[in-house]
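Asks: Given next are the chains, with one letter for each unit.
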Amino acid sequence: MSESAEQSAWHRLSDAQPWLLWQENACLPARSPLSDCRACSQACPVDALTATPKGPQLTGDCVACGRCTAACPTGAINGAGLDSHPGDDQATAPLAVDCWRVPPEQSPEGALRVPCLGGLGSDRLLRLVQECGERPVELLDRGWCADCPAAADCRRPPVDQALTECREALASLGLTGRSPSLRKAPLPAHLYRRETPTPGGETRVSRRGLFRRLAGHAAGAAEQIQGTGPAAPAAVPMVSGRVQPAPRLRRVEALAALAVAQDQSLPNTLFPQAKISDACCNHRICAALCPTGALQPVEDEDGSGLDYDPLFCIRCGLCQQVCPEKAITITERDGHPYVGRVPATRHHRQRCQRCHTTFTAGKEHTLCPGCRKDAALAQDSGRDLLFGAGSSSGAAGPAQDPGTQPGDHDDQEDTRR
Amino acid sequence: MAKWGMVIDLDKCTGCQACTTACAMENNTLPGESWQDVLYYNEGEYPSAQMKWLPRPCMQCEDPSCVHVCPTRATYKDPDAGGIVFVDWNKCIGCKYCMIACPYGVRFYADEQPLIEPDMRDVYPGENGQMWSPPYQNPEQDWRRGIGIQPKGVVSKCTFCYHKVSKAPEGVPDLDEDDPELVEYVPACVRTCPPKARYFGDLDNPESNVNRIIGDKHGVRLLDHTGNRPQVYYLGAGAGVPAFSPRNS
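Sequence lines, in order, name chains F and C.
One point on numbering: in our numbering, the residue at position 53 of the first sequence is 53, and numbering is uninterrupted.
For our numbering, count along the second sequence from 1 and bump the result up by 1000.
Please note: incorrect hints may appear among the correct ones.
To be verified - In the EDC-like style, the derived pairs of lysine to aspartate or glutamate whose C-alpha atoms are separated by at most 16 Å in a straight line are: (1) K373(F) to E1170(C); (2) K1096(C) to E325(F); (3) K373(F) to D1111(C).
Claimed, not checked - Some, not all, of what chain F presents toward chain C, calculated at C-beta under 8 Å: (4) P29; (5) P33; (6) G370.
In short, the hints are calculated from the structure, not lab data.
In this text the structure is predicted, and so the values were computed from the model without any measurement.
Virtual Cβ for every residue (Gly too), placed ideally from N, Cα, C.
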């Protein structure tokens, strides 16, 4: 319906910052009140962003660093200029990545200019590394990074954490040497552009182009990582209303491409595991709520149950929170390599003895949940359920004591007669 | 904005179920899925046994239990729409938490076998995502408010005929079916009630007839101890609203 199209469209977070875009459909707290995701507001170095049930609200002065976009687990926030690719494929000189606050004429020839290095995030850094091939990636620290408002109070360049994550991920593939480096290339402090940079004249990608690239990327991510040997994740048909966790897919895609080049398999730590205990009653509320479709309801010849694909799992914890039986836990993977989408549970279907519908439940039940409820209602009279036990009848009949048994009541009637 | 409320006079109600039928016709609900139902029960023992009945629409509570438990915000109370509680069928995942939470049992999820064969869902198979396609369909449709023929896998409920009520002129204290100006905006159950046992009006308007009769005749709310504070009031001393007294066990 048009409603869902509206929810999956990109909106401006605020007219003051037209470059920052938000997608309602992908925002976890906007999807469910159970989600306590505050990643964007926690990442904001100037506390300008507040995560609310209606999505992030831009209240303060944004410094256009884009760190919120790097932190969002589902890619619900995006900024122009951050989804950048190295321009020249033939160049061999190191790819310099520079900040918008540096005057354009000061940047080296062919440099990649982004709003802030901190807005790149480890997934985008990994993709830069992968796309650059043997060409080294150099992030330029102009000497003022640690003093920039985007660095907040930690006195470390905003890109520091992403760089560490990127280094660790590459080390797990034995590619320590390919890690991007932070090169100090100080500039005089008077060149620092104090005002928040605007994307005007900076972005070489038009907005339409950006969207097309975003959409194409998300759609193509699953296919692209196919054929990566033992760790080939299968493409999953997306259920409507589900979101592609773009940052996660970007990371896995880049790492998978690097791993193929190295003839290695992806590290197990990249893929979580769903452990579902016997308490599972096949309510499948977890799958209905799963924002990315990592958990999917299935009906096949083995019965009815759930499929789980760790590729799409962002470990948001919603399934664990919502399960009425507390049957599901998402944990680190133990031993078994990732093999794509796997059956997580299967329940056998039974025929209800009363209404003859098929249902899935534990073995001891012969009635479907609906008929079980009806039976319980008949035993415990419907009136009791609705109005509470021993409801008094106002004008008609004597007021009944709440605890009175039917037998006692008869006695009362007898004595009166 | 008005806060719509309904008053049901149990002294006048004859239990004829015209409201149930009118509601089903207006909202195209499946047989057996009665947003507005009349519950029959017995009180007392022979020789003073009595058959009683209670019409039961959705109470459109001021503090609805169903809204608090919804994991997707599909159920919501809309203060800009007269304080009516709606189900957004685009968001509902059919988990039925709200049905468990509702103390009045006025939420429906049509997955049961029909009591009377044949199954209307087989006779009139659904089109355009609808659960079924009856020959006459009310053209009003708004899935964001749970109006229209419901799709599969969602919970449905009484909307106080929002598609009619919302068209009423701004600021009217009461929607009275005797007023030819307003008759088209009156909810189906109220409009059809033969003994005129139902009143519909603005609870926020001190001039409204519903407020007056709630005050004059000591209107009570069902299961008031739950703190849900329904916007539906019951009248009638002789009829006897079933009162709650807590269980001892």
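Asks: Does each hint fit the structure? Answer for all of them.
Replies: Structure-based check of all given hints:
1. K373(F) to E1170(C): Cα-Cα ~44 Å, so violated.
2. K1096(C) to E325(F): holds (15 Å)
3. K373(F) to D1111(C): Roughly 13 Å separates the two Cα atoms, so the pair holds.
4. P29: violated (10 Å)
5. P33: holds (6 Å)
6. G370: holds (5 Å)
Hint compliance for this structure: hints 1, 4 are not met, and every other hint is.
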